[in-house]
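Chemist: Sequence:
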Amino acid sequence: MAEANISEYLDELSCSICLDLLKDPVTIPCGHSYCIFCIKSHWDLDDGQRVFSCPQCRQSFTPRPVLNRNTMLAKVVGKLENSAQEVSYAGPGEVPCDICTGRKLRAVKSCLVCLVSYCETHIQPHYEATALKKHNLCQASKQLKDRICPHHDKLLEIYCCTDQHGICYQCAINQHRSHDTVEAPTERAKKQEQLENVQSECQQKMKEREIVMLELTKMMESVKVSAKAAVVESERMFTELITYIERTGCTLREMIKAKEKAMVKETEGLLQMLRKDNTELQIIYNNIALLTQTEDHIHFLQNCHSFITPLGFVDIPSVPVGHQVYFEKCKMSTSTLKRQLQDICSEELVNISETDTSEYFGLQESKEPYLVFGLKESMEAEDPETNELFVRIGDILEQLSPKTFQQLMGMVTTFSIDTEDKLKGIADLIFERAIAHPALSEVYANMCRCIMGLKVPKSCNSKETLNFRKLLLNRCQKEFENFKRFEGQENELDHTIKSKMDVYYRKMKVIIERSSASSRILYMLQDVVDLRKVQ
839 MAEANISEYL DELSCSICLD LLKDPVTIPC GHSYCIFCIK SHWDLDDGQR VFSCPQCRQS
899 FTPRPVLNRN TMLAKVVGKL ENSAQEVSYA GPGEVPCDIC TGRKLRAVKS CLVCLVSYCE
959 THIQPHYEAT ALKKHNLCQA SKQLKDRICP HHDKLLEIYC CTDQHGICYQ CAINQHRSHD
1019 TVEAPTERAK KQEQLENVQS ECQQKMKERE IVMLELTKMM ESVKVSAKAA VVESERMFTE
1079 LITYIERTGC TLREMIKAKE KAMVKETEGL LQMLRKDNTE LQIIYNNIAL LTQTEDHIHF
1139 LQNCHSFITP LGFVDIPSVP VGHQVYFEKC KMSTSTLKRQ LQDICSEELV NISETDTSEY
1199 FGLQESKEPY LVFGLKESME AEDPETNELF VRIGDILEQL SPKTFQQLMG MVTTFSIDTE
1259 DKLKGIADLI FERAIAHPAL SEVYANMCRC IMGLKVPKSC NSKETLNFRK LLLNRCQKEF
1319 ENFKRFEGQE NELDHTIKSK MDVYYRKMKV IIERSSASSR ILYMLQDVVD LRKVQ
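Quick note, the working numbering runs 838 ahead of the 1-based positions in the sequence shown.
None of these hints come from the bench; they were simulated from the model.
Calculated cross-link-like contacts (lysine-lysine; reagent style PhoX-like; alpha-carbon spacing at most 25 Å): (1) Lys-1167 <-> Lys-1095; (2) Lys-1029 <-> Lys-983; (3) Lys-878 <-> Lys-861; (4) Lys-1114 <-> Lys-1099; (5) Lys-980 <-> Lys-1029; (6) Lys-917 <-> Lys-942; (7) Lys-992 <-> Lys-980; (8) Lys-1308 <-> Lys-1293; (9) Lys-1316 <-> Lys-1262; (10) Lys-1099 <-> Lys-1169; (11) Lys-1103 <-> Lys-1167.
Just the calculated beta-carbon pair ranges, DEER-fashion: (12) Asp-991 <-> Val-1020: 14 to 24 Å; (13) Pro-988 <-> Asn-1225: 52 to 62 Å; (14) Ile-1190 <-> Val-1050: 20 to 30 Å; (15) Asp-1181 <-> Thr-1242: 43 to 53 Å; (16) Thr-1242 <-> Tyr-927: 55 to 65 Å; (17) Thr-1242 <-> Lys-992: 56 to 66 Å; (18) Thr-939 <-> Ser-879: 29 to 39 Å; (19) Met-1058 <-> Ile-1190: 14 to 24 Å; (20) Leu-1311 <-> Thr-1242: 24 to 34 Å.
Everything numeric in this text was worked out from a predicted model, so none of it was measured. By construction, the Cβ of each residue, glycine as well, lies at the ideal position given by its N, Cα and C atoms.
Build the full structure now, drawing on both the sequences and the hints.
Modeler: This is the structure in structure tokens:
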């Protein structure tokens, strides 16, 4: 009860000026007490009138009283203040004690029989009185009325599973007689167990997602590193390509200049020869003109023979026009080269932009897990047992890593792999998975080593057997043949002239070596090499 009266004592020991607990209390002659700072400030305002009065009783004092600290009162105030700090008052959102008067303390328990909440002091009778000990106590709650049946004013102790809400015993006997009812604690234990299972599942899923998040974070860093390396390599290749084009342009320019120089030199030689011929012909023409003007017939006849004989000059060469063909060919070849480069660049950019990354991010949706690995629908087996085997192998491949290898391979050895369809399907699954995830090629190679000795009878001839190694190599060979057939189809689209086919083949070879389309073949080759190393 002492805690319940603390608030009353605190009110009596409050300063009537600041309305707060007395701080450095002083007592004036009339007997009232104030904070020393508060009364000094109040009397300073009245200092001009030279009359000082008590703010409460208005008793006047002359002269101004001397103020001294009331040590005993200060100790009492200090102890009460410490006691008040130990007392828990009901704050916002907390349940107050229904018995406390004035400032209410925080309730610690609620009685489901009394429908009252009690603080630590007022709950004591429920612990001490024999009659009150039988009352049902719970944690302090504001919703006490919600635990009482609105029809019978009884405690809700039964849970109706049919209507999904609490009822009292009288409701269970009457209105809910035919319903599925159970005691609330029993149903609570059952539901709590279910919730604990949900919690465990949530924890498991959170752990799985944390692992995936960690892998995605690593993958994101790897993407950044790979993208940066690709940018650097692309810039280097384009720099080399630009340098090569510039060097080729310089070579072509020098060839054109050399051809121009040779043609000009040849033309200048012809011009010089023609000028020399013209000079000699002019001399002959002038001499003939002088000879024809003479009147001496004998002199004319004796000298005309030297001019009548053939002159001996070569025929005038025709003006060459081959330079036009040469230079036009240079321009056409340059234009063709430009167009081919543009076509190659455009084609490769389209190939890069259309590269499917959904499998890389694991976003392909499928009814069966093994279809995620890129197998066609023809891979699905009609036999339910075989189909189930593919699903289980697909799950194992999805989880396979160096850490889980031993455990998962132990599971694989328990599977019944006794038909050609089963063994061939497993080989295809491992092959596709290894190509899709080359970083784990070593793990898949070790897996192949473990099942390399598996043998099954052939479907067409039960006396002959097939082993896993042969099926895997057949799968690799099939991939090579598909690629070669694709390459042949591409070549058929080009010109039929052999020389141009050779040029196109070299161009396609460069494209294939530098494009993402070849990555599948390179990964496949690497897998085969790894398998042979392990073997």
